[in-house]
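Asks: Listed below are the residues making up each chain.
There are 2 protein chains.
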Amino acid sequence: MNSKSFAIKGDICYSISKTELLTYENRYLICIDGLSVGVFESVPEKYSTLEVFDYSGKLVIPGLIDLHIHAAQFSFRGLGMDNELMEWLNSYAFPEESRFSDIEYAKAAYTQFAEVMKYSATTRACIFASVHAPATEILMDLMEKTGLQTFVGKVNMDRNCPDYIVEDTDKSAADTQDWVASCINRYKNTKPIITPRFIPTCTDRLMQRLRGIQEKYGLPLQSHISESPAEIEFVERLCPNAEFYGDAYDSFKLFGNDVPTIMAHCVYSGEKELARIKQNGVFIAHCPQSNANLASGIAPVRSFLDMDLRCGLGSDVAGCTTESIFRAMSDAIQMSKIRWRLYDNKLKPLKFEEAFYLGTRGGGDFFGKVGSFETGYELDAIIINDEPPKHYGKMTLKDRLERFAHLSIGREPTHKFVSGTQIF
Amino acid sequence: MNSKSFAIKGDICYSISKTELLTYENRYLICIDGLSVGVFESVPEKYSTLEVFDYSGKLVIPGLIDLHIHAAQFSFRGLGMDNELMEWLNSYAFPEESRFSDIEYAKAAYTQFAEVMKYSATTRACIFASVHAPATEILMDLMEKTGLQTFVGKVNMDRNCPDYIVEDTDKSAADTQDWVASCINRYKNTKPIITPRFIPTCTDRLMQRLRGIQEKYGLPLQSHISESPAEIEFVERLCPNAEFYGDAYDSFKLFGNDVPTIMAHCVYSGEKELARIKQNGVFIAHCPQSNANLASGIAPVRSFLDMDLRCGLGSDVAGCTTESIFRAMSDAIQMSKIRWRLYDNKLKPLKFEEAFYLGTRGGGDFFGKVGSFETGYELDAIIINDEPPKHYGKMTLKDRLERFAHLSIGREPTHKFVSGTQIF
Numbered sequence: 000m001n002s003k004s005f006a007i008k009g010d011i012c013y014s015i016s017k018t019e020l021l022t023y024e025n026r027y028l029i030c031i032d033g034l035s036v037g038v039f040e041s042v043p044e045k046y047s048t049l050e051v052f053d054y055s056g057k058l059v060i061p062g063l064i065d066l067h068i069h070a071a072q073f074s075f076r077g078l079g080m081d082n083e084l085m086e087w088l089n090s091y092a093f094p095e096e097s098r099f100s101d102i103e104y105a106k107a108a109y110t111q112f113a114e115v116m117k118y119s120a121t122t123r124a125c126i127f128a129s130v131h132a133p134a135t136e137i138l139m140d141l142m143e144k145t146g147l148q149t150f151v152g153k154v155n156m157d158r159n160c161p162d163y164i165v166e167d168t169d170k171s172a173a174d175t176q177d178w179v180a181s182c183i184n185r186y187k188n189t190k191p192i193i194t195p196r197f198i199p200t201c202t203d204r205l206m207q208r209l210r211g212i213q214e215k216y217g218l219p220l221q222s223h224i225s226e227s228p229a230e231i232e233f234v235e236r237l238c239p240n241a242e243f244y245g246d247a248y249d250s251f252k253l254f255g256n257d258v259p260t261i262m263a264h265c266v267y268s269g270e271k272e273l274a275r276i277k278q279n280g281v282f283i284a285h286c287p288q289s290n291a292n293l294a295s296g297i298a299p300v301r302s303f304l305d306m307d308l309r310c311g312l313g314s315d316v317a318g319c320t321t322e323s324i325f326r327a328m329s330d331a332i333q334m335s336k337i338r339w340r341l342y343d344n345k346l347k348p349l350k351f352e353e354a355f356y357l358g359t360r361g362g363g364d365f366f367g368k369v370g371s372f373e374t375g376y377e378l379d380a381i382i383i384n385d386e387p388p389k390h391y392g393k394m395t396l397k398d399r400l401e402r403f404a405h406l407s408i409g410r411e412p413t414h415k416f417v418s419g420t421q422i423f
Numbered sequence: 000m001n002s003k004s005f006a007i008k009g010d011i012c013y014s015i016s017k018t019e020l021l022t023y024e025n026r027y028l029i030c031i032d033g034l035s036v037g038v039f040e041s042v043p044e045k046y047s048t049l050e051v052f053d054y055s056g057k058l059v060i061p062g063l064i065d066l067h068i069h070a071a072q073f074s075f076r077g078l079g080m081d082n083e084l085m086e087w088l089n090s091y092a093f094p095e096e097s098r099f100s101d102i103e104y105a106k107a108a109y110t111q112f113a114e115v116m117k118y119s120a121t122t123r124a125c126i127f128a129s130v131h132a133p134a135t136e137i138l139m140d141l142m143e144k145t146g147l148q149t150f151v152g153k154v155n156m157d158r159n160c161p162d163y164i165v166e167d168t169d170k171s172a173a174d175t176q177d178w179v180a181s182c183i184n185r186y187k188n189t190k191p192i193i194t195p196r197f198i199p200t201c202t203d204r205l206m207q208r209l210r211g212i213q214e215k216y217g218l219p220l221q222s223h224i225s226e227s228p229a230e231i232e233f234v235e236r237l238c239p240n241a242e243f244y245g246d247a248y249d250s251f252k253l254f255g256n257d258v259p260t261i262m263a264h265c266v267y268s269g270e271k272e273l274a275r276i277k278q279n280g281v282f283i284a285h286c287p288q289s290n291a292n293l294a295s296g297i298a299p300v301r302s303f304l305d306m307d308l309r310c311g312l313g314s315d316v317a318g319c320t321t322e323s324i325f326r327a328m329s330d331a332i333q334m335s336k337i338r339w340r341l342y343d344n345k346l347k348p349l350k351f352e353e354a355f356y357l358g359t360r361g362g363g364d365f366f367g368k369v370g371s372f373e374t375g376y377e378l379d380a381i382i383i384n385d386e387p388p389k390h391y392g393k394m395t396l397k398d399r400l401e402r403f404a405h406l407s408i409g410r411e412p413t414h415k416f417v418s419g420t421q422i423f
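Protein sequence lines correspond, in order, to chains W and P.
Per numbering that gives the first Met the number 0, the very first residue in the first sequence carries number 0; after that it's consecutive.
Per numbering that gives the first Met the number 0, the very first residue in the second sequence carries number 0; after that it's consecutive.
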């Protein structure tokens, strides 16, 4: 028995499928060597020597998974939220990201980001940095110290963005190669991920170079796809030979298959694109608040679930104002209702169980067996003091969980474990 | 000079029109006898003996106005948010509201509500209680103690709701008469408001009786209108002689003119209904989060502004999960973008200045000269420690205000004044 072996007592909830949420009051979750052994009414005899963390009366749930967040945009959360996408990128996102050429600025900004992430409900995240490799390493140093498990990407872009932030193609590739070589074996919790911003800002030659680096090191990839109508039209003009947006990524062999891939948004992915996403095993990061804030639209998340696509939630800070994946669950439900009402009443709104699945196990799949407490899953857990109103009387555990998800902003977990290691 | 005369020093923001937000760094807001005298670079000589509250570096803004909130639904915020309207009413709202027949339950639940409202950013609110007059008086007692200025309504409903909560017509009217007589002169800050739930749950005879009580005491009125398609069809069947939903209220003389009236929602109000709303001076309570959560739709708030209708924001707890009118501002902008994208690209999304206006001066107009710091306005003010990130550098005051509005959940004002009286 080591420090990654223990029992947690509390009110335990986790997903075993898209629609099935298990809830157990006053039970024991057993963790051995960082992996869940399961949930028991009492501590089994063979585990009787384990330390028991007693969180009686509190919610014990898998850590939340953020498949898409921009660390370099964290400082201006909440600004320009009445702008549309291109206006917002040019007025806020690009100018702010350019500041990360300054190491001191990067340290200050990323320190705040890492601190917020550490104490949030999120245990794993896929993170965009900026184009600057040195600042990206600073971010990785800071994220490593949080104990969260993350993929962090130096962003690549060599066209269609302002002069003050555009990269030279060769330098972008060389910087990426050097950055990967420098960081790939440096950390325990923090790994590099290839991060072309998206097709509009990456030349074919850059994409080919990134594929080379990806192959050499066997790296995963994250990018954006089919977020807004104007962007999609632009990609059609830039890639006349591509059958659809995702086909452009696929033509560079940067769209799933041997490359673990996350694509954010898929608001307007058509049948063919979704079929390719399924065929190639691409993960979708559904980012409902950002899609609303930037006037992009509402992604058909019901279709993603019906088609059994791999899908999780992304906060997409600063398109979204908060890193909270609870808020993303709440927004995913809310936006699915608006979509149903205004746009397509054939796609039923999400149920809470489905939103919770997306924010835990759905996204967790990108990290392996993560996001549930089933036997063999890595034990990421957060402990929540949800304080249901006493006068209301007994609430079911499912109601308590749903309530907290919707009311959680500003209320952090009291304890957090990542892969069996206690963070706080 | 009395205790309602003082100066506040800080970073001051307020609306002077739908589109004009004034911002002043490091200035003095002068309050004499509870009314704003204006904002000055230094304290004018004639006011030199005033006490100065020094909130340097903090935001000083008008208190927020909530034109529509259900106190009796506060306890189950966040539950059933994946239900649609009728399912939610029958599973959550009606069962919970029925519990307010129990005085002890009402005390416990309303105590929590009043406490949250007191420390929120809201200084004035129009509140629905339940059908129970004794519980409504308890709520009024509690709200009076908060120092907030509120209108509180005992709800009326005598048809089309479950047996366990439906009222007998005569008893509903008699209870309302007795309640109004009992409370109308009892409080300084808290006033009764006639509150038929909405046409579907109120017979013609009840509406006529309520008009009688309204006339006798000169009371204002609050209700719901044109929230969801099924409700509107139902009203068409119930009121075959009404030209439109609002015409049904108007037929009872309970739709503006001599009756200060707030109608929540107007998601589907047609041209004729909006014209009548304008003609009669009815206030619209725009409740964007609730309209999304209950799958109602998105109200055309841009049209309300273009038509110069009287309009403010409502939280509509528990259709909305939070009492925060900052969140309502954020949601109003967000939903206006989704509406523009998915439904009607002729109605431009809201700008921040417009959302801020709606949440302060727009709603404040219902209470008189309230919701701004112009000379002669009642001085409702909240003080906010917004803590912009230091590394980011200087933010404009408008940016700080916008940022806080979007990030504010879980962060309360540090100080609050209502009509010149300090609450905390």
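Be a bit skeptical, because a hint or two may be false.
Since the list gives no way to pick out one identical chain from another, each pair is judged satisfied if it fits inside one copy or across any two copies.
What the hints assert, rightly or not - Quick list of in silico lysine-lysine cross-link-like pairs, PhoX-like style, CA-CA up to 25 Å: (1) 397 / 8; (2) 45 / 389; (3) 389 / 106; (4) 144 / 252; (5) 368 / 106; (6) 8 / 350; (7) 190 / 389; (8) 393 / 368; (9) 106 / 17; (10) 389 / 144.
FYI, nobody ran anything at the bench for these hints, they're computed from the structure.
Asks: Now, for every hint given, state plainly whether the structure supports it.
Replies: Here's how the hints hold up against the structure:
no.	hint	in the structure
1	397 / 8	within (17 Å within a copy, 47 Å between copies)
2	45 / 389	neither (37 Å within a copy, 53 Å between copies)
3	389 / 106	between (44 Å within a copy, 12 Å between copies)
4	144 / 252	neither (33 Å within a copy, 67 Å between copies)
5	368 / 106	neither (33 Å within a copy, 48 Å between copies)
6	8 / 350	neither (28 Å within a copy, 48 Å between copies)
7	190 / 389	neither (44 Å within a copy, 29 Å between copies)
8	393 / 368	neither (33 Å within a copy, 45 Å between copies)
9	106 / 17	neither (39 Å within a copy, 40 Å between copies)
10	389 / 144	between (38 Å within a copy, 22 Å between copies)
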